[in-house]
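Asks: Using the sequences and the hints given, assemble the complete structure.
Below, each chain spelled out in residue letters.
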Amino acid sequence: MTDASTNSAPAARKGASLHRTDPRTRRRNGAERRFRLYGAAAISMGLLFLCVLAVSIIRSGAPAFTHAVVEVEFTLSEAQFEEAESQLLKTAVYERYFNAALTAQLRDAGFDVAFDENTIRRIIGKTGGTIRSYYRADPDRVGESVTLDLPVSSRVNGYIKGRVTRENLLDSRFLTQADLDLVDAMRDRGLIETKFNWGFLTGKDSGVDNPGGAGIGASVVGSFFMMLVVLVLSLPIGVAASIYLEEFAPRNWFTDMIEVNISNLAAVPSIVFGILGLAVFIQFMHLPQSAPLVGGLVLTLMTLPTIIISTRASLKAVPPSIRDAALGVGASKMQSVFHHVLPLAMPGILTGTIIGLAQALGETAPLLLIGMVGFVARQYPDGVVDGFLDPNSAMPAQIYTWASRADPAFYEKAWGGIIVLLVFLLAMNIVAIILRRRFERRW
Amino acid sequence: MPVLWLVLIVATLALGGFFAGRRRALSDAGGDHRRLHSLPAYYGWNAALKVAVPAAGVLTVWLLAQPLVVGLVVVGDLPQDVVTEGSSMDLVMSEVRRTVSGLEGAVAAGVMSPEEARSPLLDAQRISEALREAGQIVSGQLPQPVISAAQQMRQLDNAGDWLMSGAALAAALAGLLWALRETGAAFRARNAVENGLRAVLVAAASLAVLTTLGIVLSLIFNTVEFFRIYPASEFFGSLTWSPSFGGRSELGIWPLLWGTLYISLIALIVAVPIGLFAAIYLSEYASRRVRSVVKPLLEVLAGIPTIVYGLFALLTVGPLLMEVFGNEGLGWMRSGTAVMTAGLVMGIMLIPFVSSLSDDIINAVPQSLRDGSYGLGATQSETIRKVILPAALPGIVGAILLATSRAIGETMIVVLGAGAAARLSLNPFDAMTTITAKIVSQLTGDADFSSPEALVAFALGMTLFVITLALNIVALVVVRKYREQYE
Amino acid sequence: QTRDNVQVAGSSTVLPYASIVAEAFGENTDFPTPVVESGGSSAGLARFCEGVGENTIDIANASRAIREGEIAACAANGVTEIIEVRIGYDGIVFASRVDGPDIDAFEPADWYLALAERLPLNGTMLANPNRTWADANPDLPDVEIAAYIPGTKHGTREVFEEQVLLAGCEDVGALQAMLDMGLSEDEAEDACVSVRTDGSAVDIDGDYTETLARIESNPQGVGVFGLSFYENNTSTLKAATMGGVEPTAQTIASGEYPVSRPLFFYVKKAHLGVIPGLKEFTSFFVADPLAGPKGPLANYGLVSDPELAETQAKVENEITLSQEGL
Amino acid sequence: MKVIDMYDAPHTGRTVTSNDIKISARNVNVFYGDNHAIKDVSVDIEDKMVTAFIGPSGCGKSTFLRCLNRMNDTIESSRIEGTICIDDEDIYDRRVDPVQLRAKVGMVFQKPNPFPKSIYDNVAYGPKIHGMARNKAELDEIVEKALRRGAIWDEVKDRLHAPGTGLSGGQQQRLCIARAVATEPEVLLMDEPCSALDPIATAQVEELIDELRQDYSVVIVTHSMQQAARVSQKTAFFHLGNLVEYGETGKIFTNPEDSRTEAYITGRIG
Amino acid sequence: MKVIDMYDAPHTGRTVTSNDIKISARNVNVFYGDNHAIKDVSVDIEDKMVTAFIGPSGCGKSTFLRCLNRMNDTIESSRIEGTICIDDEDIYDRRVDPVQLRAKVGMVFQKPNPFPKSIYDNVAYGPKIHGMARNKAELDEIVEKALRRGAIWDEVKDRLHAPGTGLSGGQQQRLCIARAVATEPEVLLMDEPCSALDPIATAQVEELIDELRQDYSVVIVTHSMQQAARVSQKTAFFHLGNLVEYGETGKIFTNPEDSRTEAYITGRIG
Ligand SMILES: Nc1ncnc2c1ncn2[C@@H]1O[C@H](COP(=O)(O)OP(=O)(O)OP(=O)(O)O)[C@@H](O)[C@H]1O
Ligand SMILES: Nc1ncnc2c1ncn2[C@@H]1O[C@H](COP(=O)(O)OP(=O)(O)OP(=O)(O)O)[C@@H](O)[C@H]1O
Ligand SMILES: [Mg+2]
Ligand SMILES: [Mg+2]
Ligand SMILES: O=P([O-])([O-])[O-]
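Chains as they are written, first to last, in our numbering: chain A, 1 to 443; chain B, 1 to 487; chain C, 1 to 326; chain D, 1 to 270; chain E, 1 to 270.
Worth flagging that the hints you see were computed from the coordinates, not collected in a lab. Remember, predicted model here, so these are calculated numbers, not experimental data. Check each hint, because a few of them may be wrong.
[What the hints assert, rightly or not] Within a straight-line C-alpha distance of at most 25 Å, the following computed BS3-like cross-link-like pairs (lysine-lysine) qualify:
| hint | chain 1 | residue 1 | chain 2 | residue 2 |
| --- | --- | --- | --- | --- |
| 1 | E | LYS157 | E | LYS128 |
| 2 | A | LYS161 | C | LYS238 |
| 3 | E | LYS39 | E | LYS251 |
| 4 | D | LYS39 | D | LYS251 |
| 5 | D | LYS117 | D | LYS128 |
| 6 | B | LYS386 | E | LYS128 |
| 7 | B | LYS386 | E | LYS251 |
| 8 | D | LYS117 | D | LYS157 |
| 9 | E | LYS157 | D | LYS39 |
| 10 | D | LYS117 | D | LYS136 |
| 11 | E | LYS251 | E | LYS48 |
| 12 | E | LYS157 | B | LYS386 |
| 13 | E | LYS136 | B | LYS481 |
| 14 | E | LYS157 | E | LYS136 |
| 15 | A | LYS333 | D | LYS117 |
| 16 | E | LYS39 | D | LYS157 |
| 17 | C | LYS314 | C | LYS294 |
| 18 | D | LYS128 | D | LYS145 |
| 19 | E | LYS48 | E | LYS145 |
| 20 | D | LYS251 | D | LYS48 |
| 21 | D | LYS48 | D | LYS145 |
| 22 | D | LYS157 | D | LYS136 |
| 23 | D | LYS128 | A | LYS333 |
| 24 | E | LYS128 | E | LYS145 |
| 25 | B | LYS481 | E | LYS128 |
| 26 | A | LYS195 | A | LYS161 |
| 27 | E | LYS157 | E | LYS145 |
| 28 | B | LYS481 | B | LYS386 |
| 29 | E | LYS136 | B | LYS386 |
| 30 | E | LYS157 | B | LYS481 |
| 31 | D | LYS145 | D | LYS117 |
[What the hints assert, rightly or not] Simulated DEER-style distance windows between Cβ atoms:
| hint | chain 1 | residue 1 | chain 2 | residue 2 | range |
| --- | --- | --- | --- | --- | --- |
| 32 | B | ALA109 | A | GLY110 | 50 to 60 Å |
| 33 | C | ARG118 | B | LEU330 | 43 to 53 Å |
| 34 | C | GLY173 | B | ILE269 | 28 to 38 Å |
| 35 | B | LEU469 | D | LYS145 | 50 to 60 Å |
| 36 | B | SER238 | C | GLY173 | 28 to 38 Å |
| 37 | C | ASP30 | A | CYS51 | 23 to 33 Å |
From the three backbone atoms N, C-alpha and C, an ideal C-beta is built for every residue, glycine too.
Replies: Take a look at the structure:
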């Protein structure tokens, strides 16, 4: 309030034209415009950050969705099968057979590039596991001539995608400059082609020396079961707890204590929830290790405060007159809450759920302690119960492990995994977002 | 009877109870539900609950107790010498249990007749054979006592299962009878059901207390252990944090605490204004269409895994800041990882925590308050600042508290963005680290797990817990003081 | 529900190798793929020592040998029989960006002179005045010191302190100088390994990918890596020699290259024969086709143990730590 | 009509002729924090009669009214002392279920507060939770009847599914009246039900009140002496939290005992 | 008497005496979605006079009143056609700043809506944003004066810092009146300002209106014919969204032209 404007202001206003804004109003409108601008700027800033992040995620992650494969005709004789199965490391033997077959095939094709079996070994990825399971799945295939699509090694894959170039490649036991000649020749003949990598979407984790075989699918399933637990437990429990505290609990030091406690739980580092989960669920309750059920329980505890805090805030925001109106016609407290207050508080509850689940979905640290981070490459669960109880990983854990692996090919996988995670997140939230729009109203 | 079946039967009974209770109440009122105390459905629910809750209780208790009881009986009958040196009864018992499930599998697969499975002549040879045939996993040679114990356990389990089914069904039926007997036109079914519901609400609220208790308990022992081997005066008094494997560590909390506060502060300085202004814009200025698109988009920021933010800090923001504040620029910054880097990036992550929830709360402020203010010739921004925000204060404080909590609990961004240096400095362009980051790193580190370097993680966790508790009490008091209850 | 898989936890350094073996174990046997958790040697051992039983892990990976205190803690919880299995060695290499300045030949002394917090100069301890590598060793290029070293949580840091800093400290005679100045042995050793905090040395609490990222954003940086990590990233990194020896599997196995450490895993004997596949997995891990010099582990960068055969025998006979001690 | 005890636990042995005194309040004191809003009020409200509460703004009429169906329970700072009996049962007894009490004692609030739902749902809500309708058709009928009694049917019959909050002030007030009568309470508390109504609507509501009186008791707060005189048989005059005078409406308006009452009705104190 | 330009661009030759017509509405139509709430209403409201809007509940009085200071802008579903000029300036003109308009044309709403702030802050809010006080003392003075004019000073002078929402219905209404007068608008729109007030308070507010009339224009919506007759000089009768009749208050009440007006004031249509 400046002196110039005081006291004289109303007098000056008196009878002034509405079509000409007086100086004070102009100043206030300036403030208004600025305020509005801040709002717009804040939003643009948020969206800008989102865009930058999205672009960098997509740019780094998109290559994970394709891979280069070699198509090879291959016959495994009965004797070879027996021989391989008698070994300790059977897969290595299959791999050798396959590489030999490919070498022969390439020799027949008459390439004018010099190569040997070692070259082939470096070009082709780890294939033994795939081949063995192919034949084990249907032993009749032994002896038949089959055509297999097998991925090339991670570095050749990188070369084809442009991540590895002849300039930055130094000869190593993983790949040499000379090998690339053969790769180029094979590409010219169409023997190597780039395909959509379904295996990435459906597969499970692989050993660190086999980036080509790594897939996010199994951990998507793990995350799915975990989020199911989180959603089914944290939303009802969170809402129920909030309703009790906000609508029913007497106001005393004890409920104050609960209130403070809940907010405080939100500030507990997530890894501490992991410590708790390990102690309570695994060591005390003997639930299985590395299981999505336990992960879900731990994340539920972590998500609860978020949901409770937002639910309470939105319950508080419902005007008391609504409650009075309901009580006045003879509704019980419970009825007034469930019929009137809760629907009006729904947008905030759903927001809490969206944010809480988003946080839970992306959380790694607590999973570290209950054994879901690391190498958990299990088959898909056989059923719903196994889905909860069988060891599995989760998307963020998978991404985290990939990101720390030495082979740069895994780096790309990690970003690809992040894309999958974000798609999962959006899919998970879409229902809540639509519901929230439905419930929004002004009164 | 498999548990699933039992559950299904109880569920059916509950459903039946629902209709029976309803019917009975209605018939007692002569078919005119206006003469009932409560809505007919409440009588149904009352009956359903009285069927389901006792049965579920019996079932849960039984399911928890039976393995214990059976285990005790079997253990009691086992000869002492089956537990070999270095092993434990626990392991023997898990072997017994595995054998039991193996036998079940073998019988189910038809490789072994039920009689044979019970036969005292059954030996390890035959079991391994049968199990292998049934496609079960076999490990080693089973000692004879284990096999007998397994057979005994099967029998007990079997008997127990039947008893359990009986007990659960009896409980369900008793509940049903009880409910039907009390059902009558004047019976206060709504009150009964609501009391049940209220118990559920209380239980849900107590879970938070239990969690807190659990956290305190899971931290306290190791914290005490830590203070036993490392002086508390040093922990709270020393200004240096330098753990070392040689056992000459200095583990002062202050640099970490300072880093935590500093980074959180910067994150909040970024997130709160942006988030709040975004919320205001969304709820007060933006059209419904814009709002319904932008809000979920901003929420994606909360869902991006923190490792992405960490890398973003390390690879993008850090170098960017270096260009301005680094040696080539103002010369305040020595490396890309700094409090500023981590704070900025964390702030971005926290935007939706502030914006989304605040938006909902602001939106819930009654229109009549806005009208009142506009009617006095206030501009929209004056209305927002002076009327709406104060009215929405509890929710906004809640949102900010949530963001603060998240900032304090964040690790990945700190590790990648702020560096790992524990240092007390005022320069926001210095590398620092936080309590949480150190909890994680000491917990997953390589120091001997019973050494102070590892145990300090628990003490740090406990201290942080106490500090945030104080913070929350302050917040509660502030909200109480400034809350403006509308209507 | 009874557990049917082997549960492993521990060192993040051993994790890559364990993952290779676990994957192969799943592919080559009918047992389910073991679960290998990450989380650090200490955390792994802590869980290992929580007791015996299904709800505890069977194997702990460690990038260092188990300590006395830990053995005692284990025993207190009933974990008395522990089989120690050494799977090979991890070389520690010093590398910089392939297109960066030629910082490619170190002596331990260079690191000591570059990173020590304070140096004994003219009879007193003075803050380290060296700003560039050339200050530490005139043979090195004149670029500012920017060293990314493992943080204090990492076992590698311990190895680095003992085998590089302390060795360097002795080599240049600083240790002796300090003792002459009247410092006790402990104090002197402390001074040898305490690292400057003025920003020339940056602790990395994350993993090697983080170190790599830092070096990518600072071309003059020098980082500390595991051999296998380095070998997988030779297109970005070039390793320096240490004491004139190039870090390779051969030089490390032969002991020529001075900086390396053994990797272990620990098996709970009580679980053998009880947890399906545990015994098989243990033998599988150390079998020649895997851990041998031609196996996938060596191919990935593990320096295979010249005494692998003894380890195999130990696993076969389930020799525990206490029996070894006898 | 329901014949149920209000007490949670059934009790026996006491029968009361409910025809005389419906509500009896004894030494009621109400505090809002430190503010002593109702001071030692004792009053007997008769059945099948209309009782009017009059008094200057802020004297405690609404407060006392809200005590009668325990709506004051919802105001955190408020505290009540004394006893209030309805049909000789203490409504502040531990055993009383306030829900049932409120179903029996309906209320129209001073500020119209429709639910942010459709007009239909606003009215149907009470009957629904009290199970007053067997089916949709019956419910429709109840709603229509209530809206008619609330003198608002004609205005809203074409927009039953429009939100109740989109009505004009007077329409909202009548909607709230309709909502309250829809549940057929035995006692109806009306806090200035006609404050926003035009004379015709007022007359219709007064007619309703008269009609309700045949079966129920009605307590009405009003600022209009004329209205009090027109509709009520008994009148209570409140002043600064005290019940100054209570008696036959005719007597109060023609021959008040207390000087303050006289001053008020002749327009000298406010 | 003021002589003002109507437009931004300087022009000459035309001067308007603002003493006659303060507000002139021409062919105003208002829609709420499909609901045609105001139908082609044209009316001239004179300066320094009190104009009363009467009409049955739901006929559009509040709606029309809200058009006069563009409060209808805040209702999403509403749409307005036609022109409304204040001092010969079209208030729906692009150049008009609704904020300035509302400062000039104050409003008391039908439902009292105090801010959830202290009583003092409720009243001080307007003067503060308009910069009407140089310092705290002046502000205190303004607040006290406004509360006195709102006839509520005595009741709240001891609890100025208690929340405004903790007042009784009638007190809230007077608080809102005080809040509106505190900003000294040129035109004051009052939507049933006395609906919850007792006769004395009503008389005090009517006195205030009379006092305000000396300098400003007042438009008041009321359901009380007596009140309209007492305070207003001009009366407009609305019915079903139409402005049926507008003229001297005396004439309207004694000798209405339209049969509907007559029916209404004699209590036959509602
Ligand atoms: N926000 C709204 N949305 C839709 N319709 C509305 C809205 N507000 C009012 N109406 C309708 O517009 C018509 C005029 O309403 P208005 O509030 O102007 O009546 P009124 O004359 O003020 O009546 P009262 O004396 O009852 O306050 C009514 O039919 C009403 O239902
Ligand atoms: N929620 C509340 N908190 C604090 N004081 C209150 C509250 N409600 C009412 N009061 C105070 O209690 C006294 C009585 O209020 P009450 O609402 O009963 O008055 P009333 O007779 O209904 O007046 P009106 O005719 O204006 O509605 C008043 O002084 C009022 O300020
Ligand atoms: Mg009142
Ligand atoms: Mg109106
Ligand atoms: O994870 P590490 O224990 O090997 O550092």
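Asks: Compare the distance between the alpha carbons of LYS314(C) and LYS294(C) with 25 Å, and conclude whether the hinted pair is satisfied.
Replies: holds, 21 Å
Asks: Mind checking the alpha carbons of LYS157(D) and LYS136(D) for me, to see if they're no more than 25 Å apart?
Replies: holds, 17 Å
Asks: Next pair to validate is LYS48(D) with LYS145(D); report whether the Cα-Cα distance is within 25 Å.
Replies: Holds, because 21 Å separates the two Cα atoms, which is no more than 25 Å.
Asks: Within a Cα-Cα threshold of 25 Å, do LYS195(A) and LYS161(A) meet the stated pairing?
Replies: With Cα atoms ~12 Å apart, LYS195(A) and LYS161(A) stay inside 25 Å; holds.
Asks: Range hint 50 to 60 Å: satisfied by the CB atoms of LEU469(B) and LYS145(D)?
Replies: holds, 57 Å
Asks: Would you mind confirming whether the straight-line C-alpha gap from LYS48(E) to LYS145(E) stays at or under 25 Å?
Replies: Between LYS48(E) and LYS145(E) the Cα gap is close to 21 Å, so the pair holds against 25 Å.
Asks: Against the 25 Å threshold, does the CA-CA distance of LYS39(D) and LYS251(D) hold or violate the hint?
Replies: holds, 24 Å
Asks: Are the Cα positions of LYS481(B) and LYS386(B) separated by 25 Å at most?
Replies: Holds. LYS481(B) to LYS386(B) sits at ~17 Å (cutoff 25 Å).
Asks: Regarding the pair LYS128(D) and LYS333(A), is the alpha-carbon distance no greater than 25 Å?
Replies: holds, 16 Å
Asks: Determine whether the Cβ-Cβ distance between ARG118(C) and LEU330(B) falls within the hinted range of 43 to 53 Å.
Replies: violated, 29 Å
Asks: Please verify whether LYS157(E) and LYS39(D) have alpha carbons no more than 25 Å apart.
Replies: holds, 21 Å
Asks: Would the pair LYS386(B) and LYS128(E) pass a check requiring their Cα atoms to be no farther apart than 25 Å?
Replies: holds, 11 Å
Going through the hint list in order, the structure does not satisfy hints 7, 33, 34 and 37.
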